[in-house]
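A.B. asks: The chain contents come next:
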Amino acid sequence: MNNHHWTHLKLDHSIEEMGEISYSLIERLYPLCRSITGEGTLETLKILNENFDLNIKCVATGTQVFDWNIPKEWNIREAYIESLSGKKIIDFKHSNLHVVSYSYPVDKVVPLAELEKHLHSIPEHPDWIPYRTAYYNETWGFCLSEKQRQTLQDEHYRVCIDSDLKDGHLHYGDYFIPGESRDEFLIFTHICHPSLCNDNLSGIAIATQLAKVLSSQTSLNKSYRFVFAPATIGSITWLHQNQDSLHNIRAGLVLAVAGDAGPLTYKKNRNKECYTDQLVEHVLAANGRPYKTVAFSPYGYDERQFCSPGINLPIGSLMRTPNGCYPEYHTSADNLGLVQPEYLADTISAYLDVINIFENNAIFLNQSPFGEPQLGKRGLYRKTGGENIERSILAKLWVLNLSDGEHSLLEIAERANMRFSEIQVAAEELYSTDLLELTT
Amino acid sequence: MNNHHWTHLKLDHSIEEMGEISYSLIERLYPLCRSITGEGTLETLKILNENFDLNIKCVATGTQVFDWNIPKEWNIREAYIESLSGKKIIDFKHSNLHVVSYSYPVDKVVPLAELEKHLHSIPEHPDWIPYRTAYYNETWGFCLSEKQRQTLQDEHYRVCIDSDLKDGHLHYGDYFIPGESRDEFLIFTHICHPSLCNDNLSGIAIATQLAKVLSSQTSLNKSYRFVFAPATIGSITWLHQNQDSLHNIRAGLVLAVAGDAGPLTYKKNRNKECYTDQLVEHVLAANGRPYKTVAFSPYGYDERQFCSPGINLPIGSLMRTPNGCYPEYHTSADNLGLVQPEYLADTISAYLDVINIFENNAIFLNQSPFGEPQLGKRGLYRKTGGENIERSILAKLWVLNLSDGEHSLLEIAERANMRFSEIQVAAEELYSTDLLELTT
Amino acid sequence: MNNHHWTHLKLDHSIEEMGEISYSLIERLYPLCRSITGEGTLETLKILNENFDLNIKCVATGTQVFDWNIPKEWNIREAYIESLSGKKIIDFKHSNLHVVSYSYPVDKVVPLAELEKHLHSIPEHPDWIPYRTAYYNETWGFCLSEKQRQTLQDEHYRVCIDSDLKDGHLHYGDYFIPGESRDEFLIFTHICHPSLCNDNLSGIAIATQLAKVLSSQTSLNKSYRFVFAPATIGSITWLHQNQDSLHNIRAGLVLAVAGDAGPLTYKKNRNKECYTDQLVEHVLAANGRPYKTVAFSPYGYDERQFCSPGINLPIGSLMRTPNGCYPEYHTSADNLGLVQPEYLADTISAYLDVINIFENNAIFLNQSPFGEPQLGKRGLYRKTGGENIERSILAKLWVLNLSDGEHSLLEIAERANMRFSEIQVAAEELYSTDLLELTT
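Protein chains in written order, with numbering that gives the first Met the number 0: chain U, 0 to 439; chain E, 0 to 439; chain R, 0 to 439.
By construction, these hints were calculated from the structure, which means they are not laboratory data.
Some hints could be false.
[To be verified] Stretches of chain E that chain U covers, calculated by requiring three or more beta carbons in the stretch to come under 8 Å of a beta carbon on chain U:
1) 124 to 135
2) 229 to 241
3) 294 to 303
Even for Gly, the Cβ is constructed at its ideal location relative to N, Cα and C.
Please put together the full structure from these sequences, using the hints given.
C.D. replies: In structure tokens:
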């Protein structure tokens, strides 16, 4: 007989407290200038390392990862636009969004018309600075608010970007928590954005909390992996370096834009049938709060890579307001005011619910499948008949009826239109008698 | 070439008369005190035996049937609650619902507080006596109306239940009507409820009428079986004793709560694909009256047993208002006023429609499948072309088009959005020429 | 590596002009008296032959074609009803609808009561002459307007039909345009109706235009076949004579009732999955104009034959207002006013869209399926990141993601909710790099 361990996750902090702790971490990481490479990103990983023993990997510039090569490492010390009289108009010190990521070093006087070609602003939101990147194109640029841009009236300006693009490394962190089974749940979060809170300090902070919770359990049925890496090149690099163990991944989520006031949104996997879809859709439908599901599309975050046809992992993305769907997206308005502890806590709660089902879900076999077994003689039925049935007994009848080797507890919960937790309680009671056995 | 017999059921009584006859049988059976065992139940089977040669089986106390054992036989002679001054407050003579089924014998004076623990009433319906059972628990109890309960003001009462629980037998009746084929339609109805009309004298009375109709046919394509047995332990016992022939069952219905004013309701099988579902849903959709379908759930009547995972028969339940869905359910208000001949007749009509399709449905092969066959030269087409087609010709075209070996006549009727009877007429005409042959 | 040719159809005339040219052909063919055999039908084929080298086939009376035999050839010179005083009341010269098709020769004086049995009119539309046929029944008859019928007050009339029914031939035309692949698209249109414009001179005229367009292309990926034949007996004859090559047909349409003001209507194939359904439904949904789809039924035009169970070809019917669904159907009011160049042009446009997809659709394989390929280094991506993605890049991401060997470009377009043309452009760009290869 197989032995099934029922996991009841122990939390050192309440969900609310975990929201607060996440928010504090966001505040601490906010000032750092992250990009797909560079010191700000490495510093971020080191701060996460205070929480658990993160495996920080370095991959050298030029290394081939599938169709890509690791780019040069970008670092920046200072950058500004100043008038010829020496007055700084735009200064990287005030916001690391001011410089287009991966800008080449430049230090020259340019006519305004020339400068304009290197400027990015948002006329509809005249106070906001946009976030722009130019990873694989040799160029430079400044981002500034439309109001700042309007003040540029001189014929010439001096532009200075004291950056360098040199052979170096790309860094990512991998944290693995082994369980009884090699079946693995992957949580991936991108770490390449500078001072933007929802996208994606929220994901970094929540993943950190989840990893701490899981690492503190005395035993787990399943294994968990957290990957903190730059978007696109980072996930592609991780996939390239972990090709041999991808087959262990049974479910997983790309965790991003997870701290704003919008409802939880689940972006489904590319395949019609996907275990992660089953898990997340049950959690969202059961928790009673508004939520959305959106179909897969090959744009967004790193689900693009996990769902590429040659990789095709059972991974979706659970977020709040998706990329591009809120006005502050990729602007300086995605700041410490946009994310709040209560929304971070709500996202944490949903992820923990998903993990709980992943931990406990299994297919059992009814050991007395010919007619109903006599629950009464096992103390599992009511004493007096004639009234309508209690919900807890109905849950047991569902588990017995569908434990035919073809339905997991999660599928039984869906069919019975009950919460997984109700079905789990029923299964635990039945399993404690002789009536259920785990399938192999 | 196979020979196909088209069945046209002959009725000795009109549907309306069959409703009246059913109601008379209900009136006759109403006073008997039935339970899962005992004389009232056996007496009920003997009365049914007047209609046809019912095979009444006895199974001894203690016999193991799957996970269960046949319980002791329960019989009761009298029961009452009386005041110490000798006044009978509650008397089993007035209603056999007054005693909790399977109550142990008792004869003693008890304080009111003690008595209260053994009383069942329904505050929301102060005039109704509930129906309660305690089959597998050693206890006793009385059911009474809330109004009666309020009159109990003395400090002590005498309670007397003159029952016995002894080794004896469980009884059920099995009536088999063989047809050309061993393919079998099962109708199961429970017989264990005392003076309750809709649940389930209605089922007993309708099954009796259907069995009489089928037994009076000169020939039948298919076989039919009627089982009259106590709920749960009765169906489990029958399943246990008939394991070797269950594979003949192609369709079947649990017949209960079939005489009230509610619309016909079909509770589907546990499996996604089920022939009984096909049959019943076609009949209900075609008859033009309101109806409901409800998903399978592992609670209700004996479909719980027929649809247990180890048995998994293609059986549903065709009823009127389901168990627990009408206020009079399991109370003394489920009486001779709740069921009416016209509703019994309506249920009979639907069952006969289902049986008619089961009798005549088959898969045929179009013998001229390359283009349309020339119906005109066989006298099966109109003489002048140009106007829109007649419905009877369209039915023939549907039968020819879909008789490709993959569609039964019932499936053709569904696809054509026509009644089975229209498709049957077309098939009969085509079969009488060389154009259709029965698949083997 | 396979070589994929992208077809961009070249048109000698605009779609509008093609509508006008079609209308002119209808005007020219309108006066001819067509039937399932006879000189008017052959003359029609000869006129079509002016446009391309039509293969006109003769099949002799009596030849067996599946369940049918080619009937005698029917020709008619004149026909009238005249008063005994010699006044012509009804004259075939005025409308070839006046005579029931396939009427036997007759020349006699008959009492009015006898004549009435041979008359057809439409009381609801007192000015319209109905169209009636009696192909396989030895009879004669006249069709006339209800108003004309009311003027018949004499006791006797002379009826004369100078027709003959003799051994002869059935004629049909077959025009095949070979492409790179033997995969064939079949367009069938019936040619047996006399002076009726929508049903089906519209189909004849549109098929002629489409055949001219396809025959003028310098290269085609796929092959195309146009069949102009009488309804029912003609399609059955064609199917009988081409049994050996039917397996090349990958898609096809019965083209009829294609010039009226109603919305485009697609009648689906009998099978749940059908490539023609995919093609047409995409075109209709994408073109932004109202349209209808209707389920298959075994009545209508020659899809009855193509979808018979032994033939079962992937063919549907794309028309405007279906047979029997407009009041002028099969009456003299289906005339040159009912069809208009603009509606003919609209139908042509939809057919060309279908053909374009049939030409270009294929399944490709992403040659860099592990993660996203780096589009930027191939000049296929934008230079600056951070803003939402352009639709043209999104189309490329869809093609890459779903080019896993299981999705055709058409299926990708459906899944991406984009037009086929957008997906085709993306695929063309990707194919021009090393990123896509055609599956074999």
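A.B. asks: Counting residues of the region 294 to 303 of chain E whose CB is closer than 8 Å to a CB in chain U, do you get three or more?
C.D. replies: holds (count 4)
A.B. asks: Report holds or violated for chain U covering the region 124 to 135 of chain E, Cβ cut-off 8 Å, minimum 3 residues.
C.D. replies: holds (count 7)
A.B. asks: Taking 8 Å as the C-beta cutoff, is the stated coverage of the region 229 to 241 of chain E by chain U satisfied by three or more residues?
C.D. replies: With 5 residues close enough to chain U, the hint holds.
Checked against the numbered hints listed earlier, the structure breaks none of them; every hint is satisfied.
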